[in-house]
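> Using the hints, position chains B, C and D against chain A.
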Amino acid sequence: MQSTAEMEFTPQEMIVVAGARILENNKVVFVGTGLPMIATVLAIRTHAPGIIPVFEAGAVGPTLESGLPFSVGDSRTSSRASYTKGLNAAFELTQRGFCDFGFVGGAEIDPFGNLNSTMMGTFPDDYQKPKVRLPGSGGASDMASSCERTILIMPHERRRFNETISYVTSPGHLDGSPGARERAGLLGEGPYRVITTRAVMDFDPDTRRMRLIHTLPGETVESVQANTGFELLVAPQVTPFDPP
Amino acid sequence: MQSTAEMEFTPQEMIVVAGARILENNKVVFVGTGLPMIATVLAIRTHAPGIIPVFEAGAVGPTLESGLPFSVGDSRTSSRASYTKGLNAAFELTQRGFCDFGFVGGAEIDPFGNLNSTMMGTFPDDYQKPKVRLPGSGGASDMASSCERTILIMPHERRRFNETISYVTSPGHLDGSPGARERAGLLGEGPYRVITTRAVMDFDPDTRRMRLIHTLPGETVESVQANTGFELLVAPQVTPFDPP
Amino acid sequence: MFWTGLSPDEARKALVRKDKSKRDKCLSLKEAVDTFIKDGDNVAIGGFVNIRQPIAIAHEMVRHGFRDLTLSFQSGGMAIDYLGGGMAVAPDHFSIKRVEMAYWAHESFGLSSVFRYLAENGLIELEDWSNYNMSARFKAGAMGLPFIPCRSPLGSDILKQCRAKVMDCPFTGRPLVLLPASNPDVAVIHVQAADPYGNCIIRGTDATCPEMAMAAAHTIVTCEQLVSHELLTRTPKDVTIPFFAVDAVVHVPFGAYPSSCRRHYYFNKEHIATFHALATRLQKGHPEGLKAYYEDYVFGVKEFGDFIDRFPVRKLLEEQLSEMENFERLA
Amino acid sequence: MFWTGLSPDEARKALVRKDKSKRDKCLSLKEAVDTFIKDGDNVAIGGFVNIRQPIAIAHEMVRHGFRDLTLSFQSGGMAIDYLGGGMAVAPDHFSIKRVEMAYWAHESFGLSSVFRYLAENGLIELEDWSNYNMSARFKAGAMGLPFIPCRSPLGSDILKQCRAKVMDCPFTGRPLVLLPASNPDVAVIHVQAADPYGNCIIRGTDATCPEMAMAAAHTIVTCEQLVSHELLTRTPKDVTIPFFAVDAVVHVPFGAYPSSCRRHYYFNKEHIATFHALATRLQKGHPEGLKAYYEDYVFGVKEFGDFIDRFPVRKLLEEQLSEMENFERLA
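Chains as they are written, first to last, in this note's numbering: chain A, 1 to 244; chain B, 245 to 488; chain C, 489 to 819; chain D, 820 to 1150.
Next comes chain A alone, as it looks inside the complex:
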């Protein structure tokens, strides 16, 4: 990480800033645990106070003024919420179409924005005895199935960006073929942006493959590609993402 060593902020901080900036004000955002939660709180406290966060444990639209939650079911998500039931209620309203964005993390990703947060190893052979067992879907698969668009956020390491991933936990653009999501019965447009410790990507409208659009401070098109396990498409003009 020399490239960013001389700056006053870490890649971990920068990814949160980037995540926050991507979020539009006054939208309903289904917020996954971890980085999405941190970035959403930052967005609400800076340029997007009108964001309506939805947490899968049930809370809709809390002000989050009592602090950063440690869990998407945290007491801090219930205080000053507009609505708080349970998981079914949160996922039902998402399936209905109330969530403009799903903001979700993962451990491994492919060029079409399909995410793995279940296991490393060979599926299905090693499923019952995986090389590495990850936590599992949680609500990620549901967000990916039912939110109108999804924003994916994860550390940018070559081993996490693979042409083929061990297990598809959260469907993205599937095989990228036209209408693939609709044919599968999924709702929503699927992955919209990928935010990492090195760059921001979108998806090519025709091929639905991941495409580099912004580099984070200290990164270049080359350095990002070098840390990506598959060939990245590159937008006509890649612009640098300003530091905080």
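Quick caveat, the hints were computed from the structure, so don't treat them as lab data. Watch out, some of these pointers could steer you wrong.
Stated by the list, open to error - Here are the simulated EDC-like cross-link-like pairs (lysine to aspartate or glutamate), alpha carbons at most 20 Å apart as the crow flies: (1) B/K373 <-> C/E613; (2) B/K373 <-> C/D556; (3) D/K837 <-> B/E268; (4) A/K131 <-> D/E939; (5) C/K648 <-> B/D369; (6) C/K501 <-> A/E189; (7) D/K979 <-> A/D126; (8) C/K653 <-> D/D987; (9) A/K131 <-> D/D887; (10) C/K585 <-> B/D370; (11) B/K375 <-> C/E615; (12) D/K839 <-> B/E268; (13) A/K129 <-> D/D887; (14) D/K979 <-> A/E13; (15) D/K984 <-> A/E182; (16) B/K373 <-> C/E615; (17) D/K832 <-> B/E433; (18) A/K129 <-> D/E946; (19) A/K27 <-> A/E65; (20) B/K271 <-> D/D843; (21) C/K648 <-> B/E309; (22) D/K832 <-> B/E426; (23) D/K1110 <-> D/E1137; (24) D/K837 <-> B/D450; (25) C/K506 <-> A/E24; (26) B/K271 <-> D/D838; (27) D/K984 <-> C/D656; (28) A/K129 <-> D/E939; (29) A/K129 <-> D/E944; (30) D/K916 <-> A/D126; (31) C/K501 <-> A/E182; (32) C/K506 <-> A/E189; (33) C/K779 <-> C/D794; (34) A/K131 <-> D/E946; (35) C/K508 <-> A/E13; (36) B/K373 <-> C/E608; (37) B/K375 <-> C/E613; (38) A/K27 <-> C/E613.
Chains B, C and D only, in chain A's frame:
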């Protein structure tokens, strides 16, 4: 009604008393509107204080101490209830199996305890322009489909007791054939008792046809049969039902 | 056309396009009805029989005039009677094409002569369901599902005249009903309390109001109390309709009168009986009385406040007092 | 056998046979676990990750010892870790055969090394679902339905290893997932308040606790506050678990500690980290530390009160104080 004219209570009062007496203490009773509601309140205030009334609008287990409700969604059903959500919650717990009895009225009944509360006339021909339009199922069809047993209560008039009814709103023993309810996909044992202004009936275990077991004050087997539009089975010993 | 409101896909698209932000949605009743209800709409009517019926909205709809509405509800009383009566007395001004319902009457207060008049004369298209059926259909719509499974109305004639399908369960092999979702164009609902964004608190039975609001493309809410967002969300778990399911919030005290509203007022039994008597005369071929009633109480007034003004204060206090006996508390 | 708990028909019969009367159900935790949980049971675990986890019940289950349990939950944290850790340190005394789940880890507090140890060594049978899948499966069980439709996990590999079926919707023609209901043998749940009959009030997220309680054949509830029926039902709409869905009520203050319980205490992050560190050592082949922890905190104590006594009063007060900042109010 000469037969009861000289008594201190009307058939309307007697049917309520009979209805109340049939209810067992400490059972969960899904209470329909009208006569069932009145009889249940009487039962709770006399021999069966442990009855747990369930009202389709959502209230479970209210004490009903603020008076007789005018509606199954009445404010009086919510006060001191153990649980109050809405219609879906009430019917879901019924479908799950929480209701020992469904207590329901109707306008027309057949020998197998199938009830009509929808229309008089020829179905389906006259459905869109019925001779007489009745209120409709309300929750009756749901109680009949999902309560473990049902108790039917209605005025005893010849025109209301017919071999074939205009419309089956609430399924009873259907055609009476063995396993008819299970084959239809219905839950529960179906009709258990029929309480009227003249008598109490059960259903023959083999044929599932209505069978006279008690006559109300002033009635005889003959007078009850005379006021029934189909042939009633008669239990080995028909006992008179004591006045209040 | 199979779907009588929005199809599941249309319902999803309508919501995706919608501005779901937290904003002030307070309108006058006239503006709300004028903005969100159109001829031919499928309108879901909130409440249950004579509990929390959206009476003020029903009056405004009749005053406004609409053609070929479909009404969807589980059990309806006075609000449905007011709408049906509007069609009976002024068919060229206000008309209902179809009802999807489980029950239309008044429980202890009797049958609906308005319903008998319209149905027995074949003036409206009927689709009968059970209370659970209609409630579950709204629930499916609120869940973004095209259908939801159910036991009822298996074994009944309801199955022979409605759009439900029966299938053998792929897990148990036994028959089960699939109820098609209901996604109405508009839901009209009266609640005890709302904030300007549309968050609602309902006391007593929720009936099927939250499901209707979440299923409909647009929702109009009238409330007894319009309070600050801070007060309303102090107990977020009391909120059963979240703001982004609501498009218009209208402050209308007594908005469910003469039906009842928990914590506020009990039924005006006498007025329900008066209306019933006039409707019965109509059904027997004498519409004059009901026409006069509408001229006097609905068409003859500018807004719902004028309707409430027709009642003696002591009568309104009487209904408030009776409700205080149902739910005793200090001010 | 397709169904891992009760089949829909068995679940219905179990409830029909049950005495559903309003009666005092207060038991000791030992009695409750001993009476209602058996070897081989499918046990639904309440809460969500480290929110309102039934820790006291989990400890008692491990102390009691059970064989071949199936654990069903959406997202689990410390309660699942305590159960899994019990199997890791005393496999002959306590064993889990299978888990049906969506997530097993600790969110901001890290992965679960207990889960990694059990899964990566192939010691438990896995069935992955999503959070909505597991929640909807309990909901279907609570509704008396054999299945419920859903969009997820369409397009994912979850479909390839779970019992869900895909069908083309008979109304829209588009694919939809049918999730088989979950009717566990037992549900174990911690709540903020209960009355002796089993009516429960939950603060903050209900998670999927009401659905679990309604779906299970038996339900054990531990509560922070055991209060009178009159107080608890003064606000009946706050009750999300009705008494007839509950079989045992146990008063266990701090019963979710070191996980958090809204209005009562926030997480004990340090203790969660301590356990995590020992579990990580186990996963790396050094079980001694975790064994010692169980000897000390679980097997070595007679009841949960002794476990709580291991924490300095000021530490417990610290968690109570942090929660007061999350939900400020006067006593």
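> Could you work out which earlier hints the structure fails to respect and list their numbers in ascending sequence?
9, 14, 21, 23, 24, 35 and 38
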